[in-house]
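Chemist: Single-letter residue listing:
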Amino acid sequence: MKTTQEDWTIEIYPKSKLFDLKLKELWHYRDLIALFVRRDFVAVYKQTIFGPLWFFIQPILTTIMFMVVFGGIAKMSTDGMPQAVFYLSGIVLWNYFSTCLSGTSSTFVTNKGVFGKVYFPRLVTPISLIISKLLTFGVQFTLFLGVYFYFLLFKESQIHPNAMIMFVPILIIITGGLALGMGLLITALTTKYRDFTFLLSFAIQLGMYATPIIYPASSVPGKMKLIIMANPMSGIIETFRYAFLGVGNFSWGALLYSFIVMIVLLSIGILTFNKVEKSFMDTV
Amino acid sequence: MKPAIKIENLSKQYRLGSVGTGSFAHDMNRWWHTVRGKADPYLKIGESNDRTKKGNSDYVWALQNINFEVQPGEVLGIIGKNGAGKSTLLKLLSRVTAPTTGSIKARGRIASLLEVGTGFHPELTGRENVFLNGAIMGMTKKEIASKFDEIVDFAGCERYIDTPVKRYSSGMYVRLAFAVAAHLEPEILIVDEVLAVGDAEFQKKAIGKMKEVSKGGGRTVLFVSHNMASIQQLCSRCVILENGTKIFEGDVNKAITRYLQNSKLDAQLKLVDRKDRTGTGNLKFSDFRVIREKTNESIDCIISGDDVIFQFELIGGSVNNVNFRMQVFDSSNHLKFLCNNLHSASAFKYVKGTNKVQCKIASFPLLTGDYYVNLRCRAENEIQDDIEFAFEFKVENGDFFGTGNIPAIHDGILINHKWEII
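Sequence lines, in order, name chains A and B. If you're matching positions, the first sequence starts at 1 in the numbering used here and goes up one per residue. If you're matching positions, the second sequence starts at 1001 in the numbering used here and goes up one per residue.
It is worth saying that the hints were derived from the structure and are not from the lab. Be careful, since some hints might not be right.
[What the hints assert, rightly or not] The following label-pair restraints were derived from C-beta to C-beta distances: (1) A:Y13 x B:D1251: 26 to 36 Å; (2) B:S1332 x A:T283: 34 to 44 Å; (3) A:K112 x B:E1143: 24 to 34 Å; (4) A:G138 x B:E1150: 30 to 40 Å; (5) B:E1420 x A:E11: 50 to 60 Å; (6) A:L199 x B:D1251: 53 to 63 Å; (7) B:A1039 x A:M65: 50 to 60 Å; (8) B:S1236 x A:T9: 15 to 25 Å; (9) B:D1040 x A:I170: 41 to 51 Å; (10) B:S1236 x A:G138: 54 to 64 Å; (11) A:V69 x B:L1016: 50 to 60 Å; (12) A:Y13 x B:S1236: 49 to 59 Å; (13) B:S1298 x A:T283: 41 to 51 Å; (14) B:A1039 x A:L145: 51 to 61 Å.
Predicted, not measured: the structure shown is a model, and the values here were computed from it. Glycine is no exception: its CB is placed at the ideal position from the N, C-alpha and C atoms.
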């Protein structure tokens, strides 16, 4: 009976190898990713008449608020751009980042019901979340494009789009990657000790002010600029604005920096996540 | 033949108490040991998982050194009391959590019939949920699509398929969820009857599906149950778990007897030591046991339909006209039946010393539940001995009629009968 053939299809051990990412398995579950995306996106506006149009409300109201408070009252610079376009460009991209981050960082806690019953690669849920938020971003991005073209075509303005627009998809990928990496790391760290979760929503709020969204990076004085640009999202927002509007501190260095931070965070995030996912049910 | 599942030295340790600064200190200590390349200091300690006793350690072994193999096409029953480690074993098998030590190896896809409706989203329609649920269980979209009509047909809710499942009746919801699970067709199927929700009809359907799966497809089934009748019907081999360890593996009938002996209720005072009794005391009950006639072994849990013997010991002097009465009550104090030798036979004559008396009951008629017995002995028109709650026993549903059909009734008793068209 002692067989030497090791042709097992499933082998369960206490610990997995550090770099065993099970990508093949993840690929097998691609349909599940697609269905989760659909669920997350569709379930939000079930039983509404306007459906996905509701995704417009939040950025519109935020933009108006910013125009009143920061543009109207505080009279902060927008690099000579129309306020609506300037704020909206920052808000739309930042929204994508912050919703992805807050979503993925609670992966284990929000999904413990399903995770506690069936096995599927746990990475499926955060990945599907990133994709479904991308759809939301897509909707809000069309809003931005609408406002943008209105100002570009029908209004006198200093808007100068340029070839960097080609890089916008890459900017979005880096944003998603950054949020995923951070989110995975945070969710892995908070399954047992929830301390970080108290910090997170607060940190996301503050993070917005540490990113050039309501102000252009060019208006930040000397030393503070270094701090602001250390935030990997700063380079992305600035590049995004530069591509569409032709203003802002675009530099390849900042973009490369964001990219490297993303790769590092993503690697650490996935490794930690994989280490925790096997037995998180015991501690969550 | 190569085994379908091979479990080696499988153990699972849990930490008791809450997570906080105390567990953090342990975590740091564990981490410090790992950094220096030493073994986890908390793996050495830990006690077996006996809930009733207060332990000295913060760690318990929910499972300890489990080893067994399951052959392809085999239906293996896993039995054990609550807290024996059955669910932990299933959790490890379904990869919900990882073992502390040891390994599980398997050939083929493992799926469980217990997690019916996992991931159903109330806002989505039946159709969307079928796909979502199927995908969670590891099916591809194509597989689900090819079985979709079958699933809807099985669930019998075609009319509602494009309605959000939150509008479903609970029965419809369960049926749809079960239909998906039932069409999964994995190589290894896990069925946990203990956790199975739903009504009797649904449970019957689950059992039916299991029979079909194990007989038809040559697929491997792990069956966890408290119901000895279904274990007997379905399984070819059994494993008994107790306090996290495997105490028996082998033939089903032997396993069942072993389990019934094991499900002993908490130690009771021996009859001879009981003080709460009335009567003259010339004759006194000193001991009792229940014997399963088929195996001639003493048990604490009776299966409906089995032939059993209630056996008593008495001490006392020589008397005439002895009369015994045994009343059986259910846990809500309703008298179910009584046995009196004046009804079924005649008074006994008694000789001095220790005597054994027995009362045979063919095809035991009670349903699942806890019961207790009041005993009384009269002689010469005087009560000699009377004990209330003389002993308790459990009953498990069984194949009373010998047809394999377990009646899904919760009250009343079973009675042998015969239907005929004349």
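Chemist: Each hint needs a verdict: does it hold in this structure or not?
Modeler: Going through the hints against the structure:
1. A:Y13 x B:D1251: 26 to 36 Å: Distance hint for Y13 of chain A, D1251 of chain B holds at roughly 32 Å.
2. B:S1332 x A:T283: 34 to 44 Å: 41 Å, holds
3. A:K112 x B:E1143: 24 to 34 Å: Holds, since K112 of chain A and E1143 of chain B (Cβ atoms, about 27 Å apart) stay within the stated range.
4. A:G138 x B:E1150: 30 to 40 Å: Given a distance of about 36 Å, which is inside 30 to 40 Å, the answer is holds.
5. B:E1420 x A:E11: 50 to 60 Å: 58 Å, holds
6. A:L199 x B:D1251: 53 to 63 Å: 59 Å, holds
7. B:A1039 x A:M65: 50 to 60 Å: 58 Å, holds
8. B:S1236 x A:T9: 15 to 25 Å: Holds, since S1236 of chain B and T9 of chain A (Cβ atoms, about 23 Å apart) stay within the stated range.
9. B:D1040 x A:I170: 41 to 51 Å: 44 Å, holds
10. B:S1236 x A:G138: 54 to 64 Å: For G138 of chain A against S1236 of chain B, whose Cβ atoms are near 56 Å apart, the range 54 to 64 Å holds.
11. A:V69 x B:L1016: 50 to 60 Å: Holds - the Cβ-Cβ distance for V69 of chain A and L1016 of chain B, about 53 Å, lies within 50 to 60 Å.
12. A:Y13 x B:S1236: 49 to 59 Å: 29 Å, violated
13. B:S1298 x A:T283: 41 to 51 Å: The hinted range 41 to 51 Å holds for S1298 of chain B and T283 of chain A, with Cβ atoms some 44 Å apart.
14. B:A1039 x A:L145: 51 to 61 Å: At roughly 60 Å between Cβ atoms, L145 of chain A and A1039 of chain B fall inside 51 to 61 Å, so the hint holds.
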